[in-house]
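Chain by chain, the residues:
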Amino acid sequence: MRACVIGAGLGGLLAAANLAKEGFEVEVYEKLPYAGGRFTNLDYRGYQLSTGALHMIPHRERGPLGKMLRQLGAGVEIIPSQPQATFRIAGKDYEYEELPSLFSLRDKLKITKILAMLKLGKATSDESYRSWLEKQIKNELVFKIADSFTGWSLSLKASEVPAKEVIAQTKNINKLGGPGIPEGGCGGVTKALVEVLQSEGAELHLKQRVTAIKQNGRAFEVVAKEKRNYDIVVSNAGPKVTAELAQEILPREYARAVSRIKGAAGIKISVACKKAMLGHSGVLFTPEAERINGINEVTNADPSLAPRSEHLLMSHQRLAEGADVKREIELGLKDLRRLFPEFKKYCRVLAVQVYRNSWPVNRAPSGTHLSPATPVEGLYLVGDAVKPEGWMETDGIAAGVEEALRHIRASY
Amino acid sequence: MLVSEERCVGCAACMPFCPNEAITVYGVAEIDPERCKNCGLCVAYCPNDAIEEG
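Protein sequences appear in the order of chains X and F. Letter by letter, the first sequence follows residues 1 to 412 in the working numbering. Letter by letter, the second sequence follows residues 1001 to 1054 in the working numbering.
Don't take every hint at face value.
As the list claims (entries may be wrong) - Simulated restraints, written as ranges between beta carbons of each label pair:
hint : chain 1 : residue 1 : chain 2 : residue 2 : range
1    : F       : D1032     : X       : S104      : 55 to 63 Å
2    : F       : S1004     : X       : A116      : 47 to 55 Å
3    : X       : T112      : F       : G1040     : 56 to 64 Å
4    : X       : T112      : F       : A1044     : 49 to 57 Å
5    : X       : R218      : F       : E1030     : 23 to 31 Å
6    : X       : K262      : F       : N1038     : 30 to 38 Å
7    : X       : Y412      : F       : S1004     : 38 to 46 Å
8    : X       : H205      : F       : S1004     : 23 to 31 Å
9    : X       : E25       : F       : A1044     : 54 to 62 Å
10   : F       : E1006     : X       : L105      : 50 to 58 Å
What the hints assert, rightly or not - One-sided excerpt, in silico: chain F residues whose CB lies under 7 Å from chain X:
hint : residue
11   : C1011
12   : P1016
13   : A1022
14   : Y1026
15   : G1027
16   : G1040
17   : A1044
What the hints assert, rightly or not - Simulated pairs of lysine-lysine, DSS-like, Cα-Cα distance not exceeding 25 Å:
hint : chain 1 : residue 1 : chain 2 : residue 2
18   : X       : K31       : F       : K1037
19   : X       : K207      : F       : K1037
20   : X       : K171      : X       : K157
21   : X       : K164      : X       : K110
22   : X       : K274      : X       : K240
23   : X       : K113      : X       : K31
It should be emphasised that the hints constitute simulated quantities derived from the structure, not laboratory data. Just so we're clear, the structure is a prediction, and the values are computed from it rather than from any experiment. All C-beta atoms in this analysis are idealised placements derived from N, C-alpha and C, irrespective of residue type, glycine included.
All chains, full assembly: derive it from the sequences and hints.
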């Protein structure tokens, strides 16, 4: 059986490595000169910036990605964040369990109830997380905390994500734990996966753009530099591009439906620091900042991500559709200076990176639950548009790949 | 090098690859023509086909 994987992003690499292990003859096509997509390192003056993700895996070594990497024999250590997260409120940092202490007795009871409901993980209606919360409590700080969480993890406001999605995600956090930092950052994971591909005999074609996916009898014909036939095609190019590549074989309604999906956008600011500004390896949520949703300082877990004795701090903020990008960046930078009074003295902005349009944070917003199976048997989608309910970020990508593999195993 | 303002998202993937430090990115990439040696690396490394030689 021959499998073609289009795109060497995290979803494509995971799918290719699994298929190769399962005995498929695998070829991966990547249009760029490097593998990893939005999940690899950009070495800039000794600082390991990233092409996308913030060098973090949402459920450390215990989530779908950690589990899959272990099963594949990809040797990457994932260092659990300690603490998982803190919340900066009125200039002071609190851990998750300490949050109820910030509220009046009456609201404290309501918050305890909300936390219990999140833990039990039950919501059936399609209402947004924000309106679900509004039914339980009327408190601006609670809404801001919710927005900082969904902004950091999903690049959405609490009003833009279904309550049941956040509830399912919280259940997974309670079960598996919070984030971890892969040794070597995103690039450490990508490198390990490319090594798995090599040892399994899969071929990785860099700088080779696929221009069409056709059908040739029972086989798929994939057009790149040459035309080649495959039994299955797994696309990591995103639903829109895939629908364009396969326009001859996919129903028009499907192409129309995926063309309507609007991705989630965000801005990441990477900062070089002469000393630790955050001092821990978890997430600092910033509910009271004007734009920034959260910050991490990954060098507290893996010092090799910055030059000796320096630190790499990264902030993330949701970018609203139609917003003035330059103004949003300015507001993000203003937040950083306000959050860290010593910013000017110890910190230097390395890069401001915007993720939107054809290179977004997520190609489909969390809660979309697009199936990895397409209307054409043998053609599958993986990547950040294909995340099963309850799984966010890179763990969502791995869970989506797992679902694609279940479909493939059932048919081939 | 010509940057398409329509296609460039401002992801800065090109910036670290420039051997001449000619690229600055602030919402959109800008290439300093004085520093640029037309090596074309940024064209290859742009994920969004936003840079053209010219």
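Consistency of the hints with the structure:
1. F/D1032 with X/S104: 55 to 63 Å: At roughly 56 Å between Cβ atoms, X/S104 and F/D1032 fall inside 55 to 63 Å, so the hint holds.
2. F/S1004 with X/A116: 47 to 55 Å: holds (51 Å)
3. X/T112 with F/G1040: 56 to 64 Å: Holds: the Cβ-Cβ distance is about 60 Å, inside 56 to 64 Å.
4. X/T112 with F/A1044: 49 to 57 Å: holds (55 Å)
5. X/R218 with F/E1030: 23 to 31 Å: Once the Cβ atoms are compared, 50 Å apart, the range 23 to 31 Å for F/E1030 and X/R218 is violated.
6. X/K262 with F/N1038: 30 to 38 Å: Holds, since X/K262 and F/N1038 (Cβ atoms, about 37 Å apart) stay within the stated range.
7. X/Y412 with F/S1004: 38 to 46 Å: holds (41 Å)
8. X/H205 with F/S1004: 23 to 31 Å: Cβ of X/H205 to Cβ of F/S1004: about 26 Å, so the range 23 to 31 Å holds.
9. X/E25 with F/A1044: 54 to 62 Å: Violated - the Cβ-Cβ distance for X/E25 and F/A1044, about 28 Å, lies outside 54 to 62 Å.
10. F/E1006 with X/L105: 50 to 58 Å: holds (55 Å)
11. C1011: Constraint on F/C1011 satisfied, holds at 5 Å.
12. P1016: holds (4 Å)
13. A1022: Violated - the Cβ of F/A1022 stays beyond 7 Å from chain X, reaching only about 14 Å at its closest.
14. Y1026: holds (6 Å)
15. G1027: holds (4 Å)
16. G1040: violated (11 Å)
17. A1044: Holds - the Cβ of F/A1044 comes within 7 Å of chain X, reaching about 5 Å at its closest.
18. X/K31 with F/K1037: holds (24 Å)
19. X/K207 with F/K1037: holds (22 Å)
20. X/K171 with X/K157: holds (19 Å)
21. X/K164 with X/K110: holds (19 Å)
22. X/K274 with X/K240: Measuring from Cα to Cα gives roughly 43 Å; hence the hint is violated.
23. X/K113 with X/K31: violated (50 Å)
Hint violations for this structure: numbers 5, 9, 13, 16, 22, 23, all remaining hints satisfied.
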